[in-house]
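J.: So the chains spell out like this:
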Amino acid sequence: MGLDYKKLGLKIGFEIHQELDTHKLFCNCPATLREEEPPIKIRRRLRPAQSELGEVDRAALAEAIKGKGFNYHVYPDTICLVETDEEPPHPINEEALNIALEIALLLNAKPVDEAHVMRKVVIDGSNTCGFQRTILIATDGYIEIDGKKVRIPTVCLEEDAARKVREDVSFVDYRLDRLGIPLVEIATGPEFSDPHTPAKAALYIGQILRATGKVKRGIGTIRQDINISVSGGARQEIKGVQELALISKVIENEVQRQVALLEIRDELKRRGATTVEKKFIDVTNVFSHTKSRVIQKAIEAGGVVLAVKLSKFAGLVGKEVQPSRRFGAELADHAKTYGGVGGIFHTDELPAHGISIEELERLREVMGASPIDAVIFVADIKDKAEAALSAVVDRANQALIGVPEETRRALPDGTTEFMRPLPGAGRMYPETDIAPIPITEDRIKTIKSSLPELPESKKKRFIDEYRLSESLAERIVLSENVDLFEALIRKYRVEPALVASTLEETIVNLRREGVQTVNITPSALEEVFERISKGALAKEAIPDVLRLVASGISVSSAIKQLGLERISKAELIALISETVRSNLNLVKERGEAAIKPLMGIIMSKVRGKVNGKLVYELLERELRRASKVQTP
Amino acid sequence: MFGYRGKALRLLKSLEIEVGDRIRVEKGDRTYEGILMPRSELGDPNHVVIKLPNGYNLGVKITKETKITKIEKGKLPKLGLPPLEVKRDPAKPDVTILGTGGTVACRIDYRTGAVYPAFTPQEIYSAVPELAGLANIEVMEVCNVLSENMTSQLWARIGRAVAKKLNAGADGVVVAHGTDTMGYTAAALSFMLKGLFRPVVLVGSQRSSDRPSSDAALNLISAVAVAGKSDIAEVCVVMHGSTDDDFCLIHRGTKVRKCHTSRRDTFQTINDIPIGMVRNGEVTTFRQDYNRARPEGKVELDAKFEPKVALVKVFPNIKGDIIDSLLDEGYKGIVLEGTGLGHAPRMLYKSIRRAVKLGVPVVMTSQCIWGRVDMKVYSTGRELLSLGVIPGEDMLPETAYVKLMWLLGHDLSQEEISSLMRTNISGEISPTSRPDVFPTPPVLRTLVGESRL
Ligand SMILES: [Zn+2]
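Residue numbers (the working numbering), protein chains in the order written: chain C, 1049 to 1680; chain S, 4 to 456.
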């Protein structure tokens, strides 16, 4: 995309949420995720608390309007009364606090003297109490990316939320297994202005987190929330980007979306569009003989078809705002969220879905819609249809103003969908069930004395100490195999570069070939390098051996199967003189240059059984001897 | 000042800084700017607490290098909930909510983190708007104590307020009460309100009303529904019936006990079934034998209690000195929470005999909580009976304690007290023991198998 990000005033900051590898933050339950149906489900509701202005917070209000109940999935062997909000929180998990402090120090942040547990109001049901407990651990940190400082204003320790597993019109189902797992939240300043540096910074922070060896790994254990704004647009919080590779794409798509929404606004202004009214018309009659299965079903179930006219919106509802997501999809997101309907129909996409041209014409007639107007309609129970259209009109009216501030959910393809309006600031109050936690100088000293080596200095050490090339050192440092690498070269006398390239190149290449490299265990690698260190295996044989090991056999049977048992020096010398003798013509013709073709012939017989350098030396000697014999 | 003491208080005072002021705190390489917050009672005196603009609080330890400057004087937060005016609807019942301490409803000031209780009806409507659809609410504060600090004088004060309101035409009264001793107060009201013709409902919450998950609102809505709409002219406790936010149970005031330290469904009717339940503001009754409400009537208050009564748990190795010291201190009645069917070791016999001789009634209940005292089965029981110990039937120890206080408050003979303790006055004694009221932990249904339970 040829967008000029500087000119667009793009501003990006992000938050990383990383689960820590310990038990839950405020009880002793393990951080065990469960997949089976739960033996117990608890039904609850939440009520928005009122803020000082006498208004409920707007995000809280939105949830309250939705008015959903919550089904909490409880597994009594790994979930206790704390998660079900039936027992006060226990004192904080000290191990989690220490890990968080360690991370804060690695990010050059300054720990607070006394940490206070806060309640952050969240009433979408993902926390049974209606708030998330969160603690500011340190402030004012930084990292360096490409020689530039990136500020880390805050490092917080907080509870993870429950996992949403299902949602219908009246209930949301949450699994309480994830609720309470300690998370470290690292926030950067809003200082990125291109889509690519944030991904680099996130990668780097991820490395620091993994350097502690005390964070969880795997899908869902690290999540990025991205804050994006474009001048003239609005701030968006995009939640739950689980893959680093997606960060740049999400940002690019969001910029494209805001640009498109601003174009829609400008076009509406140009057309002289005015505020849409909530005038809903029952158009069930229009569709009494419809071929649309969705509408048929809704009417049969006692529903209605309710429509609203969006004056001067024709063509804009069908405008693409993100790759393969039209503005109509944004209206539908709101209708689904607030009305609980399955979706909406809009005239920009019709006739289609079983709806005929005749029906469309009658609809326009009933609605008094001219070709420049769009009509949105919903088929469902009347209450739901009304709530859905009401939300559609609210969103359409925001389009006249520009881009609304929203919390959006990242989808796997890098696009996003509406979750809720952006929460207002300051929905926090103290957790009175837990006393303030002093963070003593002694505690900080102890943690400082055993900080792990950071990726940067490890890379430098690998270059200096192990003579790795810069690129190989960087690859091994970022790899999950970094500890295995050091273990192997400490244990066996092998060339470090060989170990590194085996781990980071050979195995990667095999994986690309489709080899099941997951079957190559650390102990198999140990066996391979042990043989190499003893001269019992040639390094050229590594790919073939590992390929066989990956198919599920042992290292020794792989070597046997490949016929790679070593041959003795005597056997090799015999083979070489035999080869030279039977190619004397070649030697006569080409003299010393004959070494090359002869090497080829010999190596084809002994590859993997013997070191090539040795073959060369022996062959060279043999040739010299042969020529001496001939001279007289 | 707002929890500050010692070093921190002296420093703040010297700088003329008050809670709510915007301040800057500098220490070493750190600088924080924010609002000075109150200090929790749980915290030490050496830190100041500030709220940063991002909403987080943190504490800064005061040392020689800590420098504090005032940036801006704070505004005093407005107190109270934004009132919601509701006109009296003559078609709706009039319900008085009596406050005794704690908060039924509240509001949070996110700027300072302070929690303000709702006091006036307008404030309560504003916090729990559903109430406006159920009844015309009047609010009155009777006392303001934590429920563990409740006394028999306060029981009497609450009883007086209830009687006054009902006699003045209220359709029902709700007593908002801390949960710890709610069962005792419910029993006390059950005995002291004579000629009750309208509902009296005690209600509380197990999760404070400052959290969105609080059980307070559902409990209060259900309590007001019972007080305003039901025909249950008894003292009852209305609280969550399960861990779900689904229904509340209506427990008889003399049969109810707090059975869990923290769960929402902590209150259980012991040895019997509850009077009924409330779901979505609709009352359903489970039984017919409750006192029916009447449109007219007069409640008479009989609130004389003897405070010098003790509730003593029997345990292995217990010695008579416990009872002797009570007698020496002038105690007028003793309720024993005996073992099993109502037993106490021989070591107590001498002291029990002395109590009876002094005219101090000794009542036997069981620490088993569930079941009925039967002192004729084993020789120990028979010996205790012969010493003059009064068997407490299937009364809860707490109810027996309140009942004995109340009886001793009246000029009754030893025989009258013995006889009345064994006679049902306010639903505290069931004539039969139901076989289906002893609870089985739900987990056993899985472990043992549904069919075997
Ligand atoms: Zn737990």
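Some clues are possibly wrong.
As the list claims (entries may be wrong) - No more than 25 Å apart at the CA atoms, straight line, and that leaves these computed lysine-lysine pairs for BS3-like:
| hint | chain 1 | residue 1 | chain 2 | residue 2 |
| --- | --- | --- | --- | --- |
| 1 | C | Lys1158 | S | Lys301 |
| 2 | S | Lys30 | C | Lys1197 |
| 3 | S | Lys30 | C | Lys1496 |
| 4 | S | Lys353 | S | Lys301 |
| 5 | S | Lys360 | C | Lys1496 |
| 6 | C | Lys1168 | S | Lys67 |
| 7 | C | Lys1339 | C | Lys1197 |
| 8 | C | Lys1158 | S | Lys67 |
| 9 | S | Lys67 | C | Lys1493 |
| 10 | C | Lys1158 | S | Lys70 |
| 11 | C | Lys1496 | S | Lys73 |
| 12 | S | Lys360 | C | Lys1493 |
| 13 | C | Lys1264 | C | Lys1326 |
| 14 | C | Lys1367 | C | Lys1297 |
| 15 | C | Lys1636 | C | Lys1587 |
| 16 | S | Lys67 | S | Lys30 |
| 17 | S | Lys322 | C | Lys1493 |
| 18 | S | Lys353 | C | Lys1493 |
| 19 | C | Lys1539 | C | Lys1493 |
| 20 | S | Lys353 | S | Lys322 |
| 21 | C | Lys1158 | S | Lys353 |
| 22 | S | Lys64 | C | Lys1158 |
Since the hints were made in silico from the structure, they are not lab data.
J.: Which constraints among the numbered hints does this structure fail? Numbers only, ascending.
T.: 1, 4, 5, 6, 7, 11, 12, 13, 15, 17, 18, 19, 21
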